[in-house]
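Peer 1: If you want the building blocks of each chain, they are given just below.
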Amino acid sequence: MKKSRNIADIGVPIFFIFLLLVLWELIVSWGKIPEWILPGPLQIMKTFGETLPRMLEHARSTMLECLLGFAAAIILAFIIAVVMDELPLVKKALYPLLITSQTVPIVSVAPLFIIWFGYGILPKILVVILVCFFPVVISLLGGLAAVDRDYLELFRSMGASRMAIFRMVKLPLSLPAFFSGLKISASYSVMGAVIGEWLGAKEGIGYYLTLSQRSYMVDRVFAAILAITILSLLIFAVIIAVERLVIPWHRLNEQHQ
Amino acid sequence: MPEIIVDGISKTLGGLLTLGKINIQANNQEFIGILGPSGCGKSTLFNIISGLLKPDAGRVLIDGKDFTGITGRVSYMHQKDLLLPSCSILDNTSIPLVLKGIPKQRARAMAAEHFEQFGLTGFKNYYPAQLSGGMRQRAALLRTYLFSSDIMLLDEPFASLDAITRRNMHIWLLDVLRELHPTILFITHDVEEALFLCGRVYVLSECPSEVRLEVEVPICRSESSRTITDPRYSQLRDEIMTALTI
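Going line by line, the protein sequences match chains C and B. Each residue of the first sequence is one higher than the one before, counting from 1 in the working numbering. Each residue of the second sequence is one higher than the one before, counting from 1001 in the working numbering.
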């Protein structure tokens, strides 16, 4: 029963995607749409295979920026969320600023980083940090604030110190929220690096993307998009694997609710 | 000789006089019930006795010493089991020992000794989510017991359980108490539950709450009894109901 449902869970979306691809291929070939406007999936796959070695080289620097930025964002977000939660005054001061900062479009800030820090790796890392930081902070803050006050009172009545309460109660109970923030950030992180490269770089998938676009090699653009998607999913999958290792009890809780 | 005296406690919460002057006494090894309508400040009273809240007036005396506003003397069990979903049952129950500074391994061993008595045999490494409601409450009770074995405040510990499980828990609890002999204050709004378990019952009035009635419960439960058959029972219940203005 459960197994057949699992197969359906995986099979239905795969079948649907396959259907869309077939439709796309048919429209392109019947409509005689020129390749430099919209190539079909088969052509894209072919280009993807041909350009894979070159893209892998570019992907290396993109992934480096992305992982460094992501890691920095997580550390920064964790520290700030914990400080904000422990010190209400800091939370009052920072929270509106955090929310407002999200209304500033990244694309408008990123060129500034290039003016300030040049064409190297640093401005890209900064863009990734900007993109990834917010979801992690907000979800961890939410998780920390959502911890049932009765837990805190119980532990206080048992004479637990503030540090012990944080370590034993607040931190573990807010980890599920933290991980949902991580999952959102993970899917944004590659995009952040690509945006950073877009605006000025000497290597990276984003650079490759601009290059292909300017020479009207639309099939390469699509191949690069495919590569970006795969990289994002990879990071996402790693986060899910880590989540299962770190909070194995969380899945149990969800099953029993 | 653990003995609690709540001496003239009053408390105003959010501008509302919640507890009028409350006097309650629990002698050594007594099982005291505290009955009252919901919202009458029973939990506030427990927060004060456990030291989490400071009263506006009055004192909490335990063994003659003033424990007003001091946490860590009595153990407090909530209606919710409040077991950490992130820890196994064994780790959950050994938390009070760890907080007292006992090394983790020893704390685990000490908690494990009570697993049979608390009906948790074989569930040491299970997570709370894998246990039934009754087992979770027993685990929470074990945690409470391991924190302070002589004075326990139980705040509607069985209120979230279904009737069948609750009655099983009553019988089990009375059984266990024959071996443990703690002094217990037990909040409930179930008259039948209070009469089944307690030796003496205080009935509180609505806000601002005061002790309206104090009754001895003379009913002797035979070890095998699952219901109360004593003829004095209905008279006593009526008396309490009147005090509760039901």
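It is worth saying that the hints were derived from the structure and are not from the lab. Treat the hints with caution; some may be incorrect.
Said to hold, decoys possible - Result set (DMTMM-like, lysine to aspartate or glutamate): computed pairs, CA atoms no more than 25 Å apart in a straight line: (1) Lys1080/B <-> Glu50/C; (2) Lys1065/B <-> Asp1081/B; (3) Lys1080/B <-> Asp150/C; (4) Lys1065/B <-> Asp1162/B; (5) Lys1124/B <-> Asp85/C; (6) Lys1124/B <-> Glu254/C; (7) Lys1054/B <-> Glu243/C; (8) Lys1065/B <-> Glu243/C; (9) Lys1054/B <-> Glu50/C; (10) Lys202/C <-> Asp9/C; (11) Lys183/C <-> Asp85/C; (12) Lys1080/B <-> Asp1063/B; (13) Lys1021/B <-> Asp1007/B; (14) Lys1100/B <-> Asp148/C.
Peer 1: Under the constraints set out in the numbered hints, which ones does this structure not fulfil?
Peer 2: Violated hints: 1, 2, 4, 5, 7, 8, 9, 10, 12; rest satisfied.
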